[in-house]
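Colleague: One-letter residues, chain by chain:
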Amino acid sequence: MHKTDHLSANSQLRTLPLDGEDKTAAMVDPRNAPDQHFIDALRRRFPCEAEIDRVLTAKLKQRGRPDYRRESLDEVVAGIERLLHHHLDDEFTITNAGWLGGGASKIQVAFHLDWQDQGTTHSRDLVLRMEPPASIVETSRTREFEALKAAAGIVPVPECYWVDTEGAFLPHPGLIYARATGVTRPSKRPLGQVSGIGTNFGSELRPVLGRQFVRHLAAIHTVAPERLAQMKAFDGATLGSNASIIRQVNWWRRVWEEDRLEAQPLVEIAARWLRENAPALDHVSLVHGDYRAGNFLYDEESEQITAWLDWELAVLGDRHQDLAWLTGAHFGHYAEDGATFLASGLLPVSELLERYEQASGLAVDPARLRYFRVYNDFASTVHMLGTACRVARQGGTHQDVLVAWLAMIGPGIAAGLRATLEEVL
Amino acid sequence: MIPDLELQLSVTIKALRDVVLPAIDPADGVATEQAHLALATLGMVRAHLPLRQKLAQTELSNALAMADSLDTGATAETALATARNKAKAVADNPASCQDEMEAARLSLLEEMERLIADVPADRFAALGRSCLASMQPQLDLQRRWVADAGFDPDATGLPAIEKMLSQSPANAKGTPVSR
Numbered sequence: 001m002h003k004t005d006h007l008s009a010n011s012q013l014r015t016l017p018l019d020g021e022d023k024t025a026a027m028v029d030p031r032n033a034p035d036q037h038f039i040d041a042l043r044r045r046f047p048c049e050a051e052i053d054r055v056l057t058a059k060l061k062q063r064g065r066p067d068y069r070r071e072s073l074d075e076v077v078a079g080i081e082r083l084l085h086h087h088l089d090d091e092f093t094i095t096n097a098g099w100l101g102g103g104a105s106k107i108q109v110a111f112h113l114d115w116q117d118q119g120t121t122h123s124r125d126l127v128l129r130m131e132p133p134a135s136i137v138e139t140s141r142t143r144e145f146e147a148l149k150a151a152a153g154i155v156p157v158p159e160c161y162w163v164d165t166e167g168a169f170l171p172h173p174g175l176i177y178a179r180a181t182g183v184t185r186p187s188k189r190p191l192g193q194v195s196g197i198g199t200n201f202g203s204e205l206r207p208v209l210g211r212q213f214v215r216h217l218a219a220i221h222t223v224a225p226e227r228l229a230q231m232k233a234f235d236g237a238t239l240g241s242n243a244s245i246i247r248q249v250n251w252w253r254r255v256w257e258e259d260r261l262e263a264q265p266l267v268e269i270a271a272r273w274l275r276e277n278a279p280a281l282d283h284v285s286l287v288h289g290d291y292r293a294g295n296f297l298y299d300e301e302s303e304q305i306t307a308w309l310d311w312e313l314a315v316l317g318d319r320h321q322d323l324a325w326l327t328g329a330h331f332g333h334y335a336e337d338g339a340t341f342l343a344s345g346l347l348p349v350s351e352l353l354e355r356y357e358q359a360s361g362l363a364v365d366p367a368r369l370r371y372f373r374v375y376n377d378f379a380s381t382v383h384m385l386g387t388a389c390r391v392a393r394q395g396g397t398h399q400d401v402l403v404a405w406l407a408m409i410g411p412g413i414a415a416g417l418r419a420t421l422e423e424v425l
Numbered sequence: 001m002i003p004d005l006e007l008q009l010s011v012t013i014k015a016l017r018d019v020v021l022p023a024i025d026p027a028d029g030v031a032t033e034q035a036h037l038a039l040a041t042l043g044m045v046r047a048h049l050p051l052r053q054k055l056a057q058t059e060l061s062n063a064l065a066m067a068d069s070l071d072t073g074a075t076a077e078t079a080l081a082t083a084r085n086k087a088k089a090v091a092d093n094p095a096s097c098q099d100e101m102e103a104a105r106l107s108l109l110e111e112m113e114r115l116i117a118d119v120p121a122d123r124f125a126a127l128g129r130s131c132l133a134s135m136q137p138q139l140d141l142q143r144r145w146v147a148d149a150g151f152d153p154d155a156t157g158l159p160a161i162e163k164m165l166s167q168s169p170a171n172a173k174g175t176p177v178s179r
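Sequences listed follow chains A and B, in order.
Sequential numbering from 1 applies to the first sequence in the numbering used here.
Sequential numbering from 1 applies to the second sequence in the numbering used here.
Treat the hints loosely; a few may be bogus.
From the structure, some residues in chain A lie toward chain B, with a derived Cβ separation under 8 Å [claimed, not checked]: (1) W99; (2) L239; (3) S241; (4) E262; (5) Q264; (6) P265; (7) R272; (8) M408; (9) P411; (10) G412; (11) A414; (12) A415; (13) L421; (14) E422; (15) L425.
Rather than coming from a laboratory, the hints here were simulated on the basis of the structure.
Fair warning: this is a prediction, and the values are worked out from it, not measured in the lab.
For every residue, glycine included, the Cβ atom is placed at its ideal position computed from N, Cα and C.
Produce the entire structure from the sequences given, and follow the hints as far as they go.
Modeller: What follows is the structure, given as structure tokens:
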């Protein structure tokens, strides 16, 4: 550890002055407008994957600019046109553009595109998925694009077309993919929480979707190595090594240090424990990173899953990360008997894991599950108690009120993290 | 008199609920969701507003209890001890304002997080366990404070927030969370 860097990063934060202190000096928080020294210190202290480092560094360099102003629809469409002109030689037509709801972290615009490409005529409903100036999770559109490409043909995902990695054409970085049809929850059931959390599919639909849910997860986790090797924005993961997992821990520990409004010893305890106990990979999987109800669409008539969405947190790593995530308390609910917990509102945990082992041919290791329960709660605590509060205070997103609302998940997750750490430490 | 905060909040909530929300185009899902969240947030603020001073006092008290559990008197803990002495003076002064209590609490948290980061490996587990045990009252308080958001059903099993704010950390009892 670079102790000097650590001290400089930690000791500069004091949002309120103590009695008798100079108020101007005390209220300087380097995170509000990070300078190069601050950024360099964090990059040295928390090494992570190159593309993630690029995204996080860009985030910090942008912070401190004037308050967010949501672009008009016309401005966004003009950006789409610039991107398409860059990629297409022939004429194209954009129609029916409109804002699309759903998702707490990205701006989405639906539109119809007619275009010619090498003599072939295309006509598609498409979606622009674009970053706001600040997000509850700062991620790479290039990585998301590559993850979607890797999963294509293996599980249903929207077909990807173009990506603007650094916002050279669009107002902000974004990607364009096909608009998938379907719903995230039964249209005739009452609304649950925001972002699909705690969705109740009903007792008849659960097993139908649950079987597909498990089968798709197994397919994602067993994507062939040669396909994973095409994912150039990912640094790769090595069988028998825990280096990739430690990089992931560094990723979120760095984000905590970048975003937090106040210190929290719990986060440091978790990060240290995770680094010291990181398991070596026994299989390199494509990990979705946010695999749960709310992130897939299904057709209500055929009851078939039509698309897996939100791949922005995908990594090459350990399957237990997804398994611990989707069996987490906040994404499920109890069945009508009041006693059976349904993971992601779909299947009892034991049945889900048993089906997963059969479908994937990969074992479920309880010790790894526990490790990734700590990891996931650690990362979620960073998102909710660190980043969500930071970006909402900045006014940096397209839906600050939702982000601030989601931040209230944080204390429950942090309490779960504390309890699990008490068991393992 | 001038309209007090309670009055201003209640009329704002009424206007949003009775006039603004019904006027939103139902097809605009984002606007509808944000309007509902704005209303719910204002309702929560209205309920919590009278409790702010007690919250600041209790949170500072909880942070002091955490610091007590970590400060073993060794040289490395000197910075924490200094922050703790300052925070204790703020906590003991009945004239302390919310900003002063908050500043003292933040300073304590900074020193505790730094201590955890820097503690040698052979002391990490013991110090970590002490810290984890001592932070439960604060996490329970935070869970109860945001329980009405509905994300944490177990939080409703905790004592009422008014009761938690009048308890000292040593007397507070936690409620397990579902995992």
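Colleague: Take the hints in turn and mark each one as holding or not.
Modeller: Structure-based check of all given hints:
no., hint, result
1, W99, "holds (6 Å)"
2, L239, "violated (27 Å)"
3, S241, "violated (21 Å)"
4, E262, "holds (5 Å)"
5, Q264, "holds (7 Å)"
6, P265, "holds (4 Å)"
7, R272, "holds (6 Å)"
8, M408, "holds (4 Å)"
9, P411, "holds (4 Å)"
10, G412, "holds (3 Å)"
11, A414, "holds (6 Å)"
12, A415, "holds (5 Å)"
13, L421, "holds (6 Å)"
14, E422, "holds (5 Å)"
15, L425, "holds (5 Å)"
In this structure, the earlier hints numbered 2 and 3 are contradicted, and the remaining ones agree with it.
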